[in-house]
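Trainee: Given these sequences and hints, build the entire structure.
Protein chains: 2
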Amino acid sequence: MSKKIKTAIVPTRSDDYPEWYQQVVKASDLAEKSPVRGCMVIKPWGYAVWENIRNILDEMFKATGVKNAYFPLFIPLSFLEKEAEHVEGFAKECAVVTHHRLEKSGQGGLIPAGELNEPLVVRPTSETIIGDSFSKWVTSYRDLPILINQWANVVRWEMRTRIFLRTSEFLWQEGHTAHATEEEARERTRLMLELYAEFAEKYLAMPVIKGCKTPAERFPGAIDTMCIEAMMQDKKALQAGTSHFLGQNFARSSGIVFQSAREQEEFAWTTSWGVSTRLIGGLIMTHSDDDGLVLPPKIASAHVVLLPIFRKPEEKAMVMEFTENLAKELGRIVYYSRRIEVEIDDREIGGARGWDWIKKGIPLRVEIGPRDIAQNSLFVGRRDCGHREKISINREEFVQTIHNILDEIQTNLFDRALAFQKNNTVEIDAKKEFYHFFTPGNVDRPEIHGGFALSHWCGSENCESQIKEDLSVTIRSIPQDAEKERGKCIFCGSPAGQRVVFAKAY
Amino acid sequence: MSKKIKTAIVPTRSDDYPEWYQQVVKASDLAEKSPVRGCMVIKPWGYAVWENIRNILDEMFKATGVKNAYFPLFIPLSFLEKEAEHVEGFAKECAVVTHHRLEKSGQGGLIPAGELNEPLVVRPTSETIIGDSFSKWVTSYRDLPILINQWANVVRWEMRTRIFLRTSEFLWQEGHTAHATEEEARERTRLMLELYAEFAEKYLAMPVIKGCKTPAERFPGAIDTMCIEAMMQDKKALQAGTSHFLGQNFARSSGIVFQSAREQEEFAWTTSWGVSTRLIGGLIMTHSDDDGLVLPPKIASAHVVLLPIFRKPEEKAMVMEFTENLAKELGRIVYYSRRIEVEIDDREIGGARGWDWIKKGIPLRVEIGPRDIAQNSLFVGRRDCGHREKISINREEFVQTIHNILDEIQTNLFDRALAFQKNNTVEIDAKKEFYHFFTPGNVDRPEIHGGFALSHWCGSENCESQIKEDLSVTIRSIPQDAEKERGKCIFCGSPAGQRVVFAKAY
Numbered sequence: 001m002s003k004k005i006k007t008a009i010v011p012t013r014s015d016d017y018p019e020w021y022q023q024v025v026k027a028s029d030l031a032e033k034s035p036v037r038g039c040m041v042i043k044p045w046g047y048a049v050w051e052n053i054r055n056i057l058d059e060m061f062k063a064t065g066v067k068n069a070y071f072p073l074f075i076p077l078s079f080l081e082k083e084a085e086h087v088e089g090f091a092k093e094c095a096v097v098t099h100h101r102l103e104k105s106g107q108g109g110l111i112p113a114g115e116l117n118e119p120l121v122v123r124p125t126s127e128t129i130i131g132d133s134f135s136k137w138v139t140s141y142r143d144l145p146i147l148i149n150q151w152a153n154v155v156r157w158e159m160r161t162r163i164f165l166r167t168s169e170f171l172w173q174e175g176h177t178a179h180a181t182e183e184e185a186r187e188r189t190r191l192m193l194e195l196y197a198e199f200a201e202k203y204l205a206m207p208v209i210k211g212c213k214t215p216a217e218r219f220p221g222a223i224d225t226m227c228i229e230a231m232m233q234d235k236k237a238l239q240a241g242t243s244h245f246l247g248q249n250f251a252r253s254s255g256i257v258f259q260s261a262r263e264q265e266e267f268a269w270t271t272s273w274g275v276s277t278r279l280i281g282g283l284i285m286t287h288s289d290d291d292g293l294v295l296p297p298k299i300a301s302a303h304v305v306l307l308p309i310f311r312k313p314e315e316k317a318m319v320m321e322f323t324e325n326l327a328k329e330l331g332r333i334v335y336y337s338r339r340i341e342v343e344i345d346d347r348e349i350g351g352a353r354g355w356d357w358i359k360k361g362i363p364l365r366v367e368i369g370p371r372d373i374a375q376n377s378l379f380v381g382r383r384d385c386g387h388r389e390k391i392s393i394n395r396e397e398f399v400q401t402i403h404n405i406l407d408e409i410q411t412n413l414f415d416r417a418l419a420f421q422k423n424n425t426v427e428i429d430a431k432k433e434f435y436h437f438f439t440p441g442n443v444d445r446p447e448i449h450g451g452f453a454l455s456h457w458c459g460s461e462n463c464e465s466q467i468k469e470d471l472s473v474t475i476r477s478i479p480q481d482a483e484k485e486r487g488k489c490i491f492c493g494s495p496a497g498q499r500v501v502f503a504k505a506y
Numbered sequence: 001m002s003k004k005i006k007t008a009i010v011p012t013r014s015d016d017y018p019e020w021y022q023q024v025v026k027a028s029d030l031a032e033k034s035p036v037r038g039c040m041v042i043k044p045w046g047y048a049v050w051e052n053i054r055n056i057l058d059e060m061f062k063a064t065g066v067k068n069a070y071f072p073l074f075i076p077l078s079f080l081e082k083e084a085e086h087v088e089g090f091a092k093e094c095a096v097v098t099h100h101r102l103e104k105s106g107q108g109g110l111i112p113a114g115e116l117n118e119p120l121v122v123r124p125t126s127e128t129i130i131g132d133s134f135s136k137w138v139t140s141y142r143d144l145p146i147l148i149n150q151w152a153n154v155v156r157w158e159m160r161t162r163i164f165l166r167t168s169e170f171l172w173q174e175g176h177t178a179h180a181t182e183e184e185a186r187e188r189t190r191l192m193l194e195l196y197a198e199f200a201e202k203y204l205a206m207p208v209i210k211g212c213k214t215p216a217e218r219f220p221g222a223i224d225t226m227c228i229e230a231m232m233q234d235k236k237a238l239q240a241g242t243s244h245f246l247g248q249n250f251a252r253s254s255g256i257v258f259q260s261a262r263e264q265e266e267f268a269w270t271t272s273w274g275v276s277t278r279l280i281g282g283l284i285m286t287h288s289d290d291d292g293l294v295l296p297p298k299i300a301s302a303h304v305v306l307l308p309i310f311r312k313p314e315e316k317a318m319v320m321e322f323t324e325n326l327a328k329e330l331g332r333i334v335y336y337s338r339r340i341e342v343e344i345d346d347r348e349i350g351g352a353r354g355w356d357w358i359k360k361g362i363p364l365r366v367e368i369g370p371r372d373i374a375q376n377s378l379f380v381g382r383r384d385c386g387h388r389e390k391i392s393i394n395r396e397e398f399v400q401t402i403h404n405i406l407d408e409i410q411t412n413l414f415d416r417a418l419a420f421q422k423n424n425t426v427e428i429d430a431k432k433e434f435y436h437f438f439t440p441g442n443v444d445r446p447e448i449h450g451g452f453a454l455s456h457w458c459g460s461e462n463c464e465s466q467i468k469e470d471l472s473v474t475i476r477s478i479p480q481d482a483e484k485e486r487g488k489c490i491f492c493g494s495p496a497g498q499r500v501v502f503a504k505a506y
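Protein chains in written order, with the numbering used here: chain A, 1 to 506; chain B, 1 to 506.
Any given hint might turn out to be false.
The list treats identical chains as one, so a pair stands whether inside a single copy or across any two.
To be verified - Distance condition first, Cα-Cα at most 25 Å in a straight line; then the derived SDA-like pairs of lysine to any residue:
{"hint": "1", "residue 1": "LYS62", "residue 2": "VAL334"}
{"hint": "2", "residue 1": "LYS484", "residue 2": "GLY497"}
{"hint": "3", "residue 1": "LYS6", "residue 2": "PHE322"}
{"hint": "4", "residue 1": "LYS62", "residue 2": "GLU343"}
{"hint": "5", "residue 1": "LYS136", "residue 2": "ARG162"}
{"hint": "6", "residue 1": "LYS26", "residue 2": "PRO145"}
{"hint": "7", "residue 1": "LYS104", "residue 2": "GLU118"}
{"hint": "8", "residue 1": "LYS33", "residue 2": "GLY450"}
{"hint": "9", "residue 1": "LYS82", "residue 2": "GLY106"}
{"hint": "10", "residue 1": "LYS104", "residue 2": "GLU88"}
{"hint": "11", "residue 1": "LYS62", "residue 2": "TYR336"}
{"hint": "12", "residue 1": "LYS67", "residue 2": "ALA152"}
{"hint": "13", "residue 1": "LYS136", "residue 2": "ASP345"}
{"hint": "14", "residue 1": "LYS235", "residue 2": "GLU427"}
{"hint": "15", "residue 1": "LYS33", "residue 2": "GLY114"}
{"hint": "16", "residue 1": "LYS484", "residue 2": "ARG388"}
{"hint": "17", "residue 1": "LYS33", "residue 2": "VAL154"}
{"hint": "18", "residue 1": "LYS67", "residue 2": "ARG54"}
{"hint": "19", "residue 1": "LYS62", "residue 2": "ALA152"}
{"hint": "20", "residue 1": "LYS92", "residue 2": "GLU81"}
{"hint": "21", "residue 1": "LYS33", "residue 2": "ARG142"}
{"hint": "22", "residue 1": "LYS82", "residue 2": "GLY255"}
{"hint": "23", "residue 1": "LYS432", "residue 2": "CYS463"}
{"hint": "24", "residue 1": "LYS136", "residue 2": "THR161"}
{"hint": "25", "residue 1": "LYS136", "residue 2": "LYS359"}
Rather than coming from a laboratory, the hints here were simulated on the basis of the structure.
Mentor: Structure follows, in structure tokens:
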């Protein structure tokens, strides 16, 4: 047996991936469980990542003409019921408000009182309540398109929850648009998918596959659901963002009617699209290692931590002055439309200090001691390198090149994740091999066991559901950029027009 | 009778102030009522104001060391019950979640199912749920202070609602801090009040009075509630922001205990402070006029609208090109840490177009026609001036001085509001005069009837509640910057140490 390397996170990814995930979240101080079932507390280090995600996406949305607004948290039950498939999809996981005050009970405790005439559902998504507004805002084709987004909390009462990945309450954005023509609505659906893919790859350094969901995996009420899917380090898929073409379904149920240029009464064509705090879960599982979180610089809570080192009290003032001056200088540099964020950690706790920041995933650690200052240099560690690989850099050179160093880390993380995804994606044409690939324990070539299987599918819901039942494997995506290579369905052998992505998923 | 001037808003302020308010909200397209009782839809023009408020305050908070985080929407009933005064204060207006799914009823409709073991209250404020987290985060005095803020939605089930001023759901920020000493917590309480006052005056152009609430008007569970109060144009007071010193009350109920430097177990000292979308209501009622909304430039949804004018089709291309170039140039100018936001309105709807933007309160309207272009000039209207007072300005001069013009508008709005507040604030020392001042109809000097009365109060809750009962007038504030002038209580004549602010209020 090979010698076990000591890691900052126990267990390691290979020992117990789900538990490793929980330990990374804890050690990095991103978030924690709350006393409210399935809800999380997003701590400052985690919320800063969400703020960066929000700010970048918000700017990207606005550049396409989208405006922000805010709609009620509560949805009357009768609204939700207007679209049959939609309510069916969410009925099992709704938090329902039934009372509007508390009253002393006979035993002295408080009990719900003031029963509402109609129960209110805490929004699981807002198509129906926003559709109601749209129906009032639209009269003529001149009022279209309407391009709206809201940043909000939503609630889906999940029975099995995991921080960031699946929580009863989560934060997200939901875009809702209405158009005069089908073509324009379809174009908006695609545009937002492209935007999400660009964001995931460029900012989260998370390679994604763009495609469509099968009818069985669609958003309840949608005609088409497009998605970006990413591969986590346990080779499972994570749906990282979705963009839905809703046809006229919600326009019909909400009464979004307009008079066309030809003076006809027509239903509008609508779309909706969203990403959530789940992205942070994806981020963690894409880049982190057995020493903790690894944050891509472009969305990191902070870019660099300065670690002043002083042994004698008389050194402290000098080292701190040098450190604070450096912090000020770095803080003036703009890196992708926000200033470089610098942390100074002057706690006198020895080696634990550096490890704290490794576990928190900060891209750069800079040690500053009297000897470094004498040489006008800094001792720099990169989070994407081993924790011992630290190099001495001239102070001015560091300030001048920090932009490039951060870019290098960003690129490096993306390249690694892309290589991992490619190395674990295989074309499979034989049913036996397919089952073998997805059966735990059946490992002859472990380096490509599990992952994404590119196989043919005939389009039958039966084949899809049998595979799901047998292997817990689903069709993640009908990829949009793949060539239309004809072949035989991996399950039934019937002719099929292109390969789809099969995988286990979060 | 004087000739009635035609106004864009009907009724005018003097005809029917509450209805004028509703009509301004509607005409400006800031927000609208939703089908959910007491909840509002904040439309893009209104949400942009909130985004500006949020961005500016967020930066101010962070400069004092505050970090953002996010806590659960739901509060277990048992948490709320921990602080007796607190739950008493909110019990009458709580939205209560009792079920977690929907099920088909015998009649075919959906009904709440899956009853929760413990009801969950939709947060009316988060002291108790955040206190629970703090109790886990704090062990030693070294962990203090904790300085946290969250931007969130909250729900208080109000029976009588009015858009922005009092809604069942509203958006706000709530800051929560924990400290090792009473002095430090009191200092933070004052600091945040100063910050709110600076924000209100500098950005909202809304003059405020800083002070403390009387015990009867305190936040449920607080030791001290500090507040900023502003005067609306109907001379009523609006509480625009509050900062609470909570003593050890919530630390005791949530168990926020730390080991002090002297190795003693001690309860922390906590504060909380917040402002909400109510500020937008205050903004409307401070500056708007009988032609609609007036937005202070520093928080306006957009700064300037360009109105291209062309009569002949052949003029259109030329005018639009000139307009778009101007928009680009203006859009590069930074005004108080955001770029100048420019709208172009090329709808061919005649005079209604200019009026739309007057009603929306945009600070500057710029008309651009072929004759203006020939003279390289622009025809500029300021929202703080009469709608006919438009002046011709050279194009380059406008671009170079727009910063100053916006500053002038901002200052002008503040000065007007301050003059109004001062003109309607009077020192009253006789009970009869006091009652006369606050009794509608008893108008001998209408120009100073109603408003803020600076009168002495002995400190007795009885005098305070009698005045409230008789006149619907409350003590808005024990002002902090006023001199300690001795006198006699306006109600009972007992000795009193300083004047307080009496007013009717929202």
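Trainee: Report the numbers of all earlier hints that the structure fails to satisfy, in ascending order.
Mentor: Checked against the structure, the hints that fail are numbers 3, 8 and 16, while the rest are satisfied.
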